[in-house]
Amino acid sequence: MFVRGLKRKCFDGEEDIEGTLAGIKAIPSYNLQRQSLLDMSLVKLQLCHMLVEPNLCRSVLIANTVRQIQEEMTQDGTWQMINTQSTGQASLDRLVSTDILCRSSRDQAEGKHVPGYGTFNKDFESDQAQDSSETMSTASSVQAPRNLQSNVWEMENPQENKGNFQKSLDQIFETLENKSPNSVEDLFSEVDNSYYDLDTMLTGMMSNTKMGHCDNLETFSSPTNTASNSNCKSDLNDLDHIVEILVES
Amino acid sequence: ADIISTVEFNYTGDLLATGDKGGRVVIFQREQETKSRPLSRGEYNVYSTFQSHEPEFDYLKSLEIEEKINKIRWLPQQNAAHFLLSTNDKTIKLWKISERDKRAEGYNLKDEDGRLREPFRVTELRVPTLKPMDLMVEASPRRTFANAHTYHINSISVNSDYATYLSADDLRINLWHLEVTNRSFNIVDIKPANMEELTEVITAAEFHPHHCNVFVYSSSKGTIRLCDMRSSALCDQHSKFFEEPEDPSSRSFFSEIISSISDVKFSHSGRYMMTRDYLSVKVWDLNMENRPVETYQVHEYLRSKLCSLYENDCIFDKFECCWNGSDSTIMTGSYNNFFRTFERNSRRDTTLEASRESSKPRAILKPRKVCTTGKRKKDEITVDSLDFNKKILHTAWHPTENIIAVAATNNLYLFQEKVN
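Quick note, the sequences are listed as chains C and B, same order. One point on numbering: in the UniProt record's numbering, the residue at position 193 of the first sequence is 193, and numbering is uninterrupted. One point on numbering: in the UniProt record's numbering, the residue at position 223 of the second sequence is 223, and numbering is uninterrupted.
It is worth saying that the hints were derived from the structure and are not from the lab. Please read all numbers here as calculations on a predicted model, not as lab measurements. Among the hints, erroneous ones may be present.
Quick look at which bits of chain B chain C covers, simulated, 3 or more residues with Cβ under 8 angstroms [said to hold, decoys possible]:
{"id": "1", "region": "12-20"}
{"id": "2", "region": "309-319"}
{"id": "3", "region": "361-372"}
Dumping the calculated DMTMM-like pairs for lysine to aspartate or glutamate here, alpha-carbon to alpha-carbon at most 25 angstroms [to be verified]:
{"id": "4", "chain 1": "B", "residue 1": "Lys21", "chain 2": "B", "residue 2": "Asp387"}
{"id": "5", "chain 1": "B", "residue 1": "Lys318", "chain 2": "C", "residue 2": "Glu53"}
{"id": "6", "chain 1": "B", "residue 1": "Lys221", "chain 2": "C", "residue 2": "Glu53"}
{"id": "7", "chain 1": "B", "residue 1": "Lys391", "chain 2": "C", "residue 2": "Glu53"}
{"id": "8", "chain 1": "B", "residue 1": "Lys61", "chain 2": "C", "residue 2": "Glu72"}
{"id": "9", "chain 1": "B", "residue 1": "Lys21", "chain 2": "C", "residue 2": "Glu53"}
{"id": "10", "chain 1": "B", "residue 1": "Lys221", "chain 2": "C", "residue 2": "Glu71"}
{"id": "11", "chain 1": "B", "residue 1": "Lys305", "chain 2": "C", "residue 2": "Glu71"}
{"id": "12", "chain 1": "B", "residue 1": "Lys131", "chain 2": "C", "residue 2": "Glu72"}
{"id": "13", "chain 1": "B", "residue 1": "Lys305", "chain 2": "C", "residue 2": "Glu72"}
{"id": "14", "chain 1": "B", "residue 1": "Lys93", "chain 2": "C", "residue 2": "Glu72"}
{"id": "15", "chain 1": "B", "residue 1": "Lys191", "chain 2": "C", "residue 2": "Asp76"}
{"id": "16", "chain 1": "B", "residue 1": "Lys68", "chain 2": "C", "residue 2": "Glu71"}
{"id": "17", "chain 1": "B", "residue 1": "Lys191", "chain 2": "C", "residue 2": "Glu53"}
Now the in silico label distances, taken between C-beta atoms and shown as ranges [what the hints assert, rightly or not]:
{"id": "18", "chain 1": "B", "residue 1": "Pro367", "chain 2": "C", "residue 2": "Glu72", "range": "22 to 30 angstroms"}
{"id": "19", "chain 1": "B", "residue 1": "Glu56", "chain 2": "C", "residue 2": "Gly77", "range": "29 to 37 angstroms"}
{"id": "20", "chain 1": "B", "residue 1": "Ser326", "chain 2": "C", "residue 2": "Gly77", "range": "54 to 62 angstroms"}
{"id": "21", "chain 1": "B", "residue 1": "Asp313", "chain 2": "C", "residue 2": "Glu72", "range": "20 to 28 angstroms"}
{"id": "22", "chain 1": "C", "residue 1": "Gly77", "chain 2": "B", "residue 2": "Ile190", "range": "43 to 51 angstroms"}
{"id": "23", "chain 1": "C", "residue 1": "Glu72", "chain 2": "B", "residue 2": "Ser98", "range": "55 to 63 angstroms"}
{"id": "24", "chain 1": "C", "residue 1": "Glu72", "chain 2": "B", "residue 2": "Tyr301", "range": "54 to 62 angstroms"}
{"id": "25", "chain 1": "C", "residue 1": "Glu72", "chain 2": "B", "residue 2": "Lys366", "range": "43 to 51 angstroms"}
Yeah, the Cβ is synthetic: ideal placement off N, Cα and C, and Gly gets one too.
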């Protein structure tokens with residue numbers, strides 16, 4: 001569930017500017033919950049027990065859910081949304097209450113959307129339009145973590161985001177399919193090693209974010225990082241183990 | 001004791017086999033009712049225990065192959081011995097369970113303790129005689145059907161011809177002859193040319209109980225395909241396609257996951273089939289493809305908890321279901337060690353619990369109830385206090401009598417109808 005302090009920090013920052021977000025504090029919006037579900041799904045895809053072959057049915061169902069969310073987000077045009085929920089290990093701590101996500105779509109249409117959030121988005125975009133052509137991309141749930149690697153978040157525009165996202169989903173199935181040395185090399189060849197350090201990656205990403213008014217989001221994310229450092233470390237240990245197995249095979 | 005992963009009665013119901021996560025098979029046999037205790041129904045006692053599968057290591061993929069027994073299926077009995085098929089993720093084995101109650105004595109070439117005799121000591125020849133001994137039940141592997149599945153085997157089903165059987169993994173179904181281990185025929189292959197396009201997997205498969213050319217398989221998208229092996233060698237084209245149209249008003253991000261079918265079972269009559277998805281059990285008439293004829297809600301109160309159940313992976317639990325001998329009642333498991341039975345004619349449903357506290361031997365089980373509204377009555381349990389670690393995934397019903405076997409994690413419970 002959301003850590004209250006963080007949430008207040010985020011939205012309080014905007015309140016001065018937009019003045020429309022007072023209502024959001026109490027109820028997490030559908031968009032945020034959907035984002036949270038997406039993060040959770042990506043974590044699940046990544047955290048397969050690598051000693052035994054992962055359950056293909058489960059992976060397929062999760063991947064389909066992720067695709068579904070992605071499609072809906074594309075239709076909503078929310079790919080450009082600021083994603084403050086960076087990587088998966090953070091999302092586990094901040095899972096939202098399940099009610100809204102479990103309600104039917106009809107319930108959603110009947111007014112669960114928080115209007116303020118929508119306008120916030122629009123205003124933001126118009127601000128950005130005055131800047132450069134680069135849209136506000138970012139951290140938004142961009143790339144599904146590859147099965148054998150840590151999350152690799154890239155700063156690209158939404159179209160590339162989608163492409164990479166799909167590509168990563170596909171790679172997950174490919175790696176499930178064949179773990180031959182060749183494919184392993186392919187997987188590793190494109191990766192910049194600096195990304196293996198989740199901490200630097202996250203902070204580096206946050207600082208690159210062109211948020212305009214939302215510079216305080218940078219500080220927003222760091223408490224999350226420290227809180228979940230232990231998770232990062234255990235993920236990294238798993239990663240080392242996995243890399244060891246691959247290299248030896 | 002290890003976690004039980006499959007439970008199956010044989011064709012007469014005299015034997016009950018369980019497989020567990022450690023690769024062991026334990027067979028129980030029903031005691032014959034004796035004249036001295038005419039009122040006591042036959043109890044089940046351990047008959048045989050053997051290690052069916054061992055853990056293996058796939059060196060090519062650097063992955064372990066679990067020894068967990070996914071399914072056991074009995075063959076119909078044709079002589080004094082019993083045969084069953086047991087499978088883990090990759091390999092199916094045919095086991096012969098036979099009794100030995102006689103021992104040969106009086107060998108010429110070896111002593112009673114088995115040591116070879118010196119040839120010059122043999123002064124006369126005698127015919128060995130059979131002497132009775134304590135009953136010994138031996139299990140020996142007769143066939144090993146290996147290397148035919150790239151993905152994890154989820155189902156095996158013996159054909160009504162008693163000569164062939166099918167094995168299904170996530171993407172393929174193979175047909176075997178019981179006598180032939182070095183070859184199997186692929187009859188269904190849903191693997192896409194490009195694995196990136198994979199969106200659906202096979203979740204269960206079963207042969208029709210009477211028509212040896214017909215089988216069905218279910219998918220993770222909630223569909224069932226019925227195939228006829230006479231139509232083509234590769235049954236990628238189904239003969240019938242069963243799918244219930246989705247209710248658009250209840251659509252959520254979890255709709256697909258909860259529609260994934262975890263088990264499919266033909267009725268004994270062969271006229272119906274039953275499917276289990278996460279929240280419900282559906283009975284289908286084989287002659288009607290567009291919707292089931294009956295739908296039973298197993299634990300509808302979980303619908304509002306789907307996100308939590310997704311988070312803790314419970315939403316991926318695969319529950320099985322089973323028919324009673326006359327196809328009048330169906331049974332399936334739930335959480336908190338609850339299991340549910342549904343009488344099809346009266347539409348009466350019962351929730352029972354398999355736990356040591358609530359079931360002393362010979363005591364009558366008390367029906368349980370989950371409280372779904374705000375006010376909790378006495379003896380009711382609220383949804384939030386359900387134990388989701390106590391799940392009943394595997395149940396079996398005796399083929400002719402009202403005796404049921406319920407596997408609750410690492411305990412096996414046997415219940416029977418009270419006879420006055």
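Unmet hints by their number, sorted upward, for this structure: 1, 3, 8, 12, 14, 15, 16, 18, 19, 22, 24
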